[in-house]
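Order-wise, the sequence lines are chains A and B. Its first residue numbered 1, the first sequence is counted upward by one per residue in our numbering. Its first residue numbered 1, the second sequence is counted upward by one per residue in our numbering.
In short, the hints are calculated from the structure, not lab data. The structure presented is a predicted model; accordingly, all values stated were derived computationally and were not measured. No incorrect hints appear here.
Estimated spans, in silico, between C-beta atoms of each pair:
1. B:R152 <-> A:D285: 35 to 43 Å
2. B:G149 <-> A:K775: 42 to 50 Å
3. B:V245 <-> A:L310: 55 to 63 Å
4. A:G83 <-> B:G149: 49 to 57 Å
5. B:V245 <-> A:A893: 22 to 30 Å
6. B:A154 <-> A:A271: 28 to 36 Å
7. A:Q878 <-> B:R152: 32 to 40 Å
8. B:I240 <-> A:G152: 56 to 64 Å
9. A:D559 <-> B:V245: 46 to 54 Å
We put the CB at the ideal spot given by N, CA and C, even for glycine.
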Amino acid sequence: MNRPVGTMTLTVNGSEVSLPADPARRLSEVLREQLGLRGTKVGCDAGDCGACTVLLDGAPTCACLTPLAQAAGRSVETVEGLGNSPLQQAFLRHGAAQCGICTPGMLMTATGFLREMPSPTRTDVEEALGGVLCRCTGYTKIIDAILDAAPGAPEAMPASGHAVGAHVARLDGAPKVAGCEVFGADHIREDALLVRAVRAPGAPLTFEFGPLSDWADSKGVEVLTSRDIPGRNRFGVIPAFVDQPALAEGYARLKGEAVALVAGPAEIVSALDLKDFPIKWAQADVDAPVHASHPDNRLISGKVRRGDVLSAMERAAFVAEGSMETPYVEHAYIEPEAGIAWMEGDTLVIQACTQAPIMDRDDTAAILGLPNENVRIIPAATGGGFGAKLDLSLQPLIGLVALKTGRAARMIYTRAESMASTTKRHPSRMSGRVSADAQGRITGMEFDGDFNTGAYASWGPTVSGRVPVHASGPYYIPNYHAEARANYSYEPISGAFRGFGVPQAAILQETIFDDLAMQIGMDRLAFRHLNALRDGLDTVCGQVLQGVGIAQCLDALKDPWEKACARAQAANDRADAQRHGVGVASCWYGCGNTAIANPSTIRVGLTAQGRLFLHQGAVDIGQGSNTVIPQICADALGLPLAQMEIIGADTALTPDCGKTSGSRQTYVTGSAALRAGQSLRAQILALTNMGAEATLSLEPGSLIVSDGHVERRIQLADLKEQANGYVLSAEETYDPPTKPLDENGQGAPYAVYGYGAQMVELSVDVKLGTVKVHKITAAHDLGRVINPALAEGQVHGGIAQGLGLALMEEFIPGRTENLHDYLIPTTGDMPEIETLFIEVPDPEGPMGAKGLGEHVLIPTAPAILNAIRHATGALVTQLPALPHRVLAAIEQAQR
Amino acid sequence: MPEIAYHRPDTLAQALSLLQSGQHRIAAGCTDLFPATQAPALDGPVLDITGIDDLRGISRTDDGLRMGATTRWADVIKANLPPAFDMLKAAAREVGSVQIQNSATLAGNLCNASPAADGVPCLLALDAQVELASENGHRILPLSEFLTGPRRTALRPDEILTAIEVPAQACQGRSSFRKLGARKYLVISIAMVATRLVVQDDKVAEAAISVGSCSAVATRLPELEQALVGRTADRALPDIATPDVIARRLSPIDDIRADAGYRTRAAAELVKRTLRDIATREVPA
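So here's chain A without its partners, still in its complex pose:
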């Protein structure tokens, strides 16, 4: 039977649906755009990520690879049809969803699988889920949930005063596991125009447009170029380094740079072949400086120097040196950038994925020539960020279309477009030397690194600033000289990626440390412990620290280390192609911006009706600030977390909590939340003349304050309404107390640091060069664990990204702009992870807490390289350690 156009009938979640549709259209498109079932996510349109998995006659199938015609007459099940299944409940209970973008695909895959195999082993689950990528969780909690797919609610909400430290399930988790979370591509407005960008096919290229209006008229679309930009066509995350145009002006500096916008009805724009867009490209001089203002392509360099490193090296008993090369690394969040913009009166509203709403607002306003107050940013649920969603992407583009046309404008990046045009981890070339005395105490260290910052500045200055400060690792080093340079190139923009260059530096430093320990003849863990920073010692910046937990982290690894080394030894005694090894590496990381202000402000208020609201503006990209910040505030105030209603980030509704980066939200926004909670509590106590120990309870319309003897009741309706509609409220700002770095990098760049160490057990197939990581034991000092479940999730996810960095991830511009050539770890690549939380309170952090988000990624890759060397004698010095590189290193080591 032929099926020309007409009506197609299929059964969706048990109901028969007939719709007029193109039989050649992807089922994912039909579900999302025609049936409004946006729980089915699209991450790649190529079957590489599995986010769009639906059940087709019960079998997990990528909806993006299924033409509608093949679904006709069949049963399609989507996440919307699950109806709070036991599996979904288990996902919520286990914290299996972080950002939530992969959750529907995971749920559908697992639902189909569990019907076939109701009592699987862990290995069975790993294989069943091998085709669904997650970038946040490291898969551990997802697999835990599938193995425990039984009904059951999360643990009861903690009592008043006991929120901090409790296993609170993610407060924003329910919509994530239901599949109804609204990500950038999921908010729709009637008659929204679809926007696509015309992008440079290479770089550097000059370009000239042909007859744009003729082309636009012939297609029935609008075309916008840099000439239509009413404001300053430059943006950047650091005011002093604003150098990137929203739309290039005659000259493209990187492949994938946007040069023009095409906007129109979705059915026209989505079908357009932009190859016939009227533009003429010409190759430009590749040897010309990327920016005329920087003739040597040097964007900036950063330096930390103290003592006399050269004489330390000369006098040292032992000196080890090394070099390391790391590639571009792609964030590979499963949600490509997406969002929608519309006008509300004079206000441009943008709802898009982001990590930094206020920065989005200010830069978009500048580009579009609007006052800041006429731009409102509503962060969409963000399907992974890891640093790349700090920079503007489509905000000014859809904003421009909405402003110029007066119509809503929607844009969804393709996977290739996302990978080509957004920021990456800086590729690095680093070298260094470390010296020690006869007793194994480190006497000096030199570090030198070049970081390819790509075509625009982005976070290059931050990387060159953070690297020299952190390249020492969490160790006491009296003589030190570190320099890092960020250099422009006609390549993808390097920006922020979980750790801002520190993970790269740690790879060099921690592998040299192993060399040095082996030269000295010391146990590698003991060497680190001996040299670990301790309270009262100063860092390479001359900052004397308190609450330093690195030695405690290394202590926690001592017993596992000895056992693991013995296990490896025993395994290697059986001669085999598999050689076992154990490696360790540490991390430290300063929380918040480097020696510049980065305040957060939190507002909390009670209404006359007795409702408690928290204005929580820290964007939760999956890391958990929507849960952790309320936990802190609830305990500071002394009311139950369950009574707190959360108003999420929105530049019109929440005060500025800065950006979600630098592992700063728990610490900085948490400190503001602590103070806001305390301040509101103080008002309440003052109002009732009660002492600090009094307990509060909230009932409809009234607040009860009791000290066990006296009970006072505040009738909230009797109080005068203040600003923002509250009868009682507090707003507090916290900014980390730091001290600027001088010309030698001496000062106090951060007020709080976090620490950690990870131990890796792995085996190397010495005939093939393949590496299998079996177990990672991760000891992290969080100061105070606000939420153990969420903290574990951060550790698992950071380790997954660190493992990818070590073993498989390499972004090659123009070649790996998809998720089958660019590899990130799958379920089958993850080791067992044992998490050990250490609590050495920080005197400055809220309730002693320190940051964690970036720390967790830093030790993984160097610990893996150290374990490979332990197993084989070979140090891989070019990442990733792909099998051919490992084998070559083994051969070189044997020569």
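Mind docking chain B on chain A? Use the hints.
Same frame as chain A, but now just chain B:
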């Protein structure tokens, strides 16, 4: 809505007639067609052959085994097949992911003609032949002749690959498949090897070995196969597979996944491991 040239006939005759009447893009599992475009729909005109029930399924014939063109890789995994097909089942589990295996077809893997197609080395080691149908009749080609280069086949514009046939002789023996990639699942291989041995009285009576991802088209290793015949199938058997015997049939390239020299060495190691898999595996009683 404009007329969209998308045809999904339910008989082969209708499909061949449409193909005779004009150029169509033949679609089956669409797991290669959709990734090749960023558009929300496939470009037409499309001839979707998945509605033809007769093209799907595995059956035994007088001459051996017949696998219909649109048999899904998941069907292969679930099918009851002799040990000679263990390697094909293992390869089936490596075709993309469970999602891909539920959609992707055997014929699609062949017609896409990727040098890294997971199914090809096994089918070569099974002496597979392909059946090509057109309105003018059928023809049968050995798979090795059907695959003419990377992304190139001997399929004519008016033809549909309708079935893959494995001769009875090649349904004999035991088999092993090894794939090497930089991650566990959903990975394009760096090298892969499919090996089938017929062992009689502890001696190799017949050997079929092929290597994928190390040449423009996956290739058999006839010199090694010959050298193996007559040898005792024991732990020493893999020693015969030296890199120099294997290298002459390979023409690997340097790419993002590995360099050429590594590929050759890895292929030799994988050949050894497949030989060991078979020679040391307990034979079911």
